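Residue numbers (our numbering), protein chains in the order written: chain A, 1 to 515; chain B, 1001 to 1333.
Errors might be hidden in some of the hints.
[Claimed, not checked] Pulled a few chain B residues facing chain A out of the computed Cβ check, cut under 7 Å:
1. 1035
2. 1085
3. 1170
4. 1175
5. 1185
6. 1280
7. 1282
[Unchecked claim] With a Cα cut of at most 20 Å, we get these calculated EDC-like pairs of lysine to aspartate or glutamate:
8. 36/A with 1194/B
9. 1293/B with 395/A
10. 1114/B with 200/A
11. 208/A with 1188/B
12. 1293/B with 200/A
13. 36/A with 1188/B
14. 1293/B with 232/A
15. 1293/B with 394/A
16. 254/A with 307/A
17. 136/A with 1052/B
18. 33/A with 226/A
19. 404/A with 1052/B
20. 1293/B with 332/A
21. 32/A with 217/A
22. 187/A with 1188/B
23. 136/A with 1049/B
24. 404/A with 1049/B
25. 356/A with 371/A
[What the hints assert, rightly or not] Just a few of them, taken from the derived set where beta-carbon distance is under 8 Å, the chain A residues facing chain B:
26. 47
27. 132
28. 136
29. 197
30. 200
31. 202
32. 228
33. 230
34. 232
35. 238
36. 241
37. 244
38. 396
39. 398
For the record, the hints were derived by calculation from the structure and aren't laboratory data. Values in this document were obtained by computation on a predicted structure and should not be read as measured data. Each residue gets a CB set at the ideal place from its N, CA and C atoms; glycine is no exception.
What follows is each chain in one-letter form.
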Amino acid sequence: MNFNLDRRSVLKTGAATAAATALTTIPAKAAKKGGKLRLGLAGANTSDSWDGRTHSDSFMIMLGHGAVFDCLTEVAADGSLKGELAESWEASADAKTWTFKLRKGVTFHNGKAFGADDVIASLKMHTAEGAKSAAKPIVAAITGMDKISDSEVKFTLKAGNADFPFLLSDYHILMYPAGDEDEAIAKGIGTGLYEVVSFDPGVRCTLKRYAGHYKGDDAGFFDEVEAIAINDSSARQNAIMTGQVDAINRVDFKTEALMKANPNVNIFEVTGNQHYTFPMQTQLAPFDDLKVRQALKHAINRQELVDKILLGHGQVANDHPIGPANPYFAADIEQNSYDPEKAKSLLKDAGLSGLKVDLSAANAAFPGAVDAAQLYQASAKAAGIEINVVQEPDDGYWSNVWLKKAWCACYWSGRATEDWMFSTAYETGVPWNDTTWENKRFQELLLTARAELDSGKRKTMYTEMQMLMATEGGTVIPMYANYVDAHSTKLANTGTFGNNFQMDGSRIIERWWFA
Amino acid sequence: MQSVGMIILQRLGLGLVTLFVVSVIIFTAVNMLPGDFAQAILGQGATPEAVEAIRESIGLNKDPFTRYFEWLTAALQGDFGTSFAQVSFSEFAGSDTGKGGIGSVTDQLVPRFKNTLFLASVAAIISIPLSLVLGILAALYRNSAYDRVVNVSTLSAISSPDFFLAYILILALAVINPLFPAVSNVYDGLTFWERLNASMLPALTLTLAVTAQMMRMTRASIINLLASPYIEMARLKGLSPMRVIVKHALPNALAPIINVIALNLAFLITGVVVVEVVFVYPGIGQLFVDSVKIRDIPIVQACCLVFAATYILLNLTADIASILTNPRLRHPK
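Looking at chain A on its own, in the form it has when it is part of the complex (with noise of 0.2 Å):
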């Protein structure tokens, strides 16, 4: 992840960095043109919309900002951030105030040129009266947008922020006409590589290419697109082991040695930033205890659960949120290990002879949570921990359990940048804070990391950050779980996979192509 570094020492400005990422851009003429993509894709709803403020699950995630719609900026496959409808980008010294170059020339499907009202436009309807967007913290920071020409716009925030473009990559901050806006999102008039043929939601969806894009040659070369809603895990295996799609999502991890023996499929995994996590509340005994807190640190087997519940499809975590797929990942800290006996003489130090705690799992928290709960508890026993395992309903798991039960199973996503991670569940205050952790020297770091430019400084903040979290933090990270996917062998790819989210970052439809 060396490259990261070099990435974010031009982060300040955009142009150097659009430089940096043409090094890594696909060799165009080992890509070929032409065919119909067929997926077949989970994560699709009776509700989904092209309203990208809505977008939360994989089918739209993947059509919404990886086909038919453009962001202001891209996390390309190698994790670096470019340009995709902005040009380059500039901060000032104190990361407040941003001015963004929008490429030129660009048009929605409908024919309406791009420009600097559409983008503040389509960020507006964020904070809109009675919008429920999950964007809405990061655009609600935003104190002023001004629009200097056409092709520019200068953003001013309530505070300094270094990741502020790479805020703006979020699939939810998807670029709509202004003035159109509802028509665009009834039917799907975005700037991207594909428009809507036809949208049936929660069933299927068709795409062609857009004439003349500006992404031009370097992507999007698919003729056209279809993608098919399989929820059913056994329906998609089976749809791609018949040669009926070409590639498929989230892959059982029970039955992917099956599909490997099929010689037309190829499996293709990456380790991202998706990891599941057991919260404690710090504020409630027995977790106000730090030792206690270490001690269960030390008496969960990680490698055990990478094992026997992702089958072997993660890695083990450190206790802190911060993924592979972040840039400034600090794999070299101490890793929290399984070591019974140091938990006991924790506990000893805690003036504890036994411990006895109620941890609460479902499903629903994620998939195998009560089997790696009850691991945890055999694990645990070694150390004098008695672990009771109270599974819980999948129903309402989110609203009744999570943030309410002292201990629980929970899972994260993760987010593109550290300090997007950190705030949204471990800053004081926050409404996900499902820890409620407080530490003064991590939220002083939080808040300096922010607003700082230099990218060396902000390793070494976030690399403390993440020390932090795993020996004094509220949470047991046991493990990072991959991204699973299986695609036909007809097809060819980059070989470098986006690890941001499923299918190459979601962006399989622009950047693969039949062999």
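Model the placement of chain B on the given structure of chain A, informed by the hints.
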């Protein structure tokens, strides 16, 4: 014939009462499920404020009685409302799709119901003649090896769960011999033959699920009549066994057979839920499952009413058909 007309009216009236009771039961049942639409749709993001905001926008914050009667009043006027999902998203977009617009329950339901009817028709067209022929032949060659084989195989088919039959068929006819697609990708714009091809595996699964009952009823009711004096008479006249069965026994055995056929037709529409999910067939069953998952009550209600109405109407048809095939019932004293 007047009495038949009376019976139809009476039964239709009772049918409406049944539909009303069904709607009450479904509404209560869905409300008793843990979690509601707001929580289901928000998932991990279900903060109390967000849940409350969505509940308010779709009227879930009102008490159940008010909600039910509002729904009932509208439904009686033919308006089944707008699905929660659509209301919620029109809120997001800041515009209202309005009654009967893109998002109305009827608009969502009708295309799905057409797909399900198509699938049921294909299954019926295969299974009814098949089970009649199998049943008649089984009666003709009763207790022969043929009879046993047919009995055992249809009974094993009906005893296996639908999804198991579905996977066996996928294995045999899609994976080992790629004759039909494993996933029924059905959409507007397909030709009839393409649609038929895509629907073949689910239709065959349904055929396997309903053949046994119809076939065994045909066999049993024919054999039942074979001891009657008029059959003996026909046999003594020297008629061939086939002619005795088809011309003499079958017309009198029709009433129970039609009854079973009608019940199985109802199953072909209401029992498709599992089959549609396995084959990703975009019918009413799949819509039903998706909607229960997100607790979208208006859609669930409408689906259940469609299912119930199908049962009531087909039962009525069965009774009327058995009256019409029996002259004694047709001309009561």
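We went through each hint and held it up to the structure:
1. Checking residue 1035/B against chain A by beta carbon gives a least distance of about 4 Å; that is within 7 Å, so the hint holds.
2. At a threshold of 7 Å, the smallest CB-CB gap from residue 1085/B to chain A is about 3 Å, leaving the interface hint in force.
3. Restraint check, residue 1170/B versus chain A: the minimum CB separation of about 6 Å is within 7 Å; hint holds.
4. Hint on residue 1175/B holds. Least Cβ distance to chain A is approximately 6 Å, under the 7 Å limit.
5. At its closest, the beta carbon of residue 1185/B sits 6 Å from a beta carbon of chain A; the interface hint therefore holds under the 7 Å criterion.
6. Given the 7 Å rule on beta carbons, the hint for residue 1280/B holds: about 5 Å separates it from the nearest Cβ of chain A.
7. For the restraint placing residue 1282/B at the interface with chain A, the shortest Cβ-Cβ distance is roughly 5 Å, inside the 7 Å limit, so the hint holds.
8. About 18 Å separates the Cα atoms of residue 36/A and residue 1194/B, which keeps this hinted pair within 20 Å; it holds.
9. For the hint pairing residue 1293/B with residue 395/A, the CA-to-CA distance comes to about 9 Å; that is within 20 Å, so the pair holds.
10. Annotation: proposed proximity of residue 1114/B to residue 200/A holds, straight-line Cα distance about 15 Å (limit 20 Å).
11. This hinted pair checks out: residue 208/A and residue 1188/B have alpha carbons roughly 17 Å apart, not beyond 20 Å.
12. Our distance criterion of 20 Å between C-alpha atoms is met by residue 1293/B and residue 200/A, whose separation comes to about 18 Å.
13. About 18 Å separates the Cα atoms of residue 36/A and residue 1188/B, which keeps this hinted pair within 20 Å; it holds.
14. Distance check on the hinted pair: residue 1293/B and residue 232/A sit about 13 Å apart at the alpha-carbon level, within 20 Å; holds.
15. Taken as a hint, the residue 1293/B and residue 394/A pair is honoured in the structure, with Cα atoms around 11 Å apart against an allowance of 20 Å.
16. Our distance criterion of 20 Å between C-alpha atoms is met by residue 254/A and residue 307/A, whose separation comes to about 12 Å.
17. For the suggested pair residue 136/A and residue 1052/B, the alpha carbons sit about 18 Å apart, so the restraint of at most 20 Å is met.
18. For the proposed pair residue 33/A and residue 226/A, the alpha carbon gap of about 16 Å is at most 20 Å, so the pair holds.
19. With a C-alpha separation of about 17 Å, the suggested pairing of residue 404/A with residue 1052/B holds against the 20 Å cut-off.
20. Straight-line distance between C-alpha atoms of residue 1293/B and residue 332/A comes to about 43 Å, which puts the hinted pair past the 20 Å bound.
21. In summary, the hint linking residue 32/A to residue 217/A is supported, as the alpha carbons are separated by about 10 Å, within the 20 Å threshold.
22. Between residue 187/A and residue 1188/B, the direct Cα distance comes to roughly 18 Å. Compliance with the 20 Å bound is thereby established for this hinted pair.
23. For the suggested pair residue 136/A and residue 1049/B, the alpha carbons sit about 14 Å apart, so the restraint of at most 20 Å is met.
24. Using a Cα cut-off of 20 Å, the hinted pair residue 404/A and residue 1049/B holds, with the two alpha carbons roughly 15 Å apart.
25. Between residue 356/A and residue 371/A the alpha-carbon distance is near 19 Å, which keeps this suggested pair within the 20 Å criterion.
26. For residue 47/A, the interface hint holds, the least distance from its beta-carbon to any beta-carbon of chain B being 3 Å, beneath 8 Å.
27. Against a cut-off of 8 Å between C-beta atoms, the interface hint on residue 132/A holds, since the closest Cβ of chain B lies about 6 Å away.
28. Here the hint on residue 136/A is broken, as its CB sits about 11 Å from the closest CB of chain B, past 8 Å.
29. The interface hint given for residue 197/A is broken, as the beta carbon of that residue sits about 10 Å from the closest beta carbon of chain B, more than 8 Å.
30. Hint status for residue 200/A: holds, given a least beta-carbon distance of 7 Å to chain B, under 8 Å.
31. Hint on residue 202/A holds. Least Cβ distance to chain B is approximately 6 Å, under the 8 Å limit.
32. The restraint placing residue 228/A at the interface with chain B holds, with a minimum CB-CB distance near 6 Å, inside the 8 Å limit.
33. For residue 230/A, the interface hint holds, the least distance from its beta-carbon to any beta-carbon of chain B being 5 Å, beneath 8 Å.
34. Interface hint status for residue 232/A: upheld, as the beta-carbon distance to the closest one in chain B is roughly 6 Å, under 8 Å.
35. Checking residue 238/A against chain B: minimum C-beta separation of about 4 Å stays under 8 Å; hint holds.
36. A hinted interface residue such as residue 241/A counts as satisfied when its beta carbon comes closer than 8 Å to some beta carbon of chain B; here the least separation is about 6 Å, so the hint holds.
37. Checking residue 244/A against chain B by beta carbon gives a least distance of about 5 Å; that is within 8 Å, so the hint holds.
38. A cut of 8 Å between beta carbons decides the hint on residue 396/A: the least distance to chain B is about 4 Å, and the hint holds.
39. Given the 8 Å rule on beta carbons, the hint for residue 398/A holds: about 5 Å separates it from the nearest Cβ of chain B.
In the structure shown, a violation is registered for the earlier hints numbered 20, 28, 29, in ascending order.
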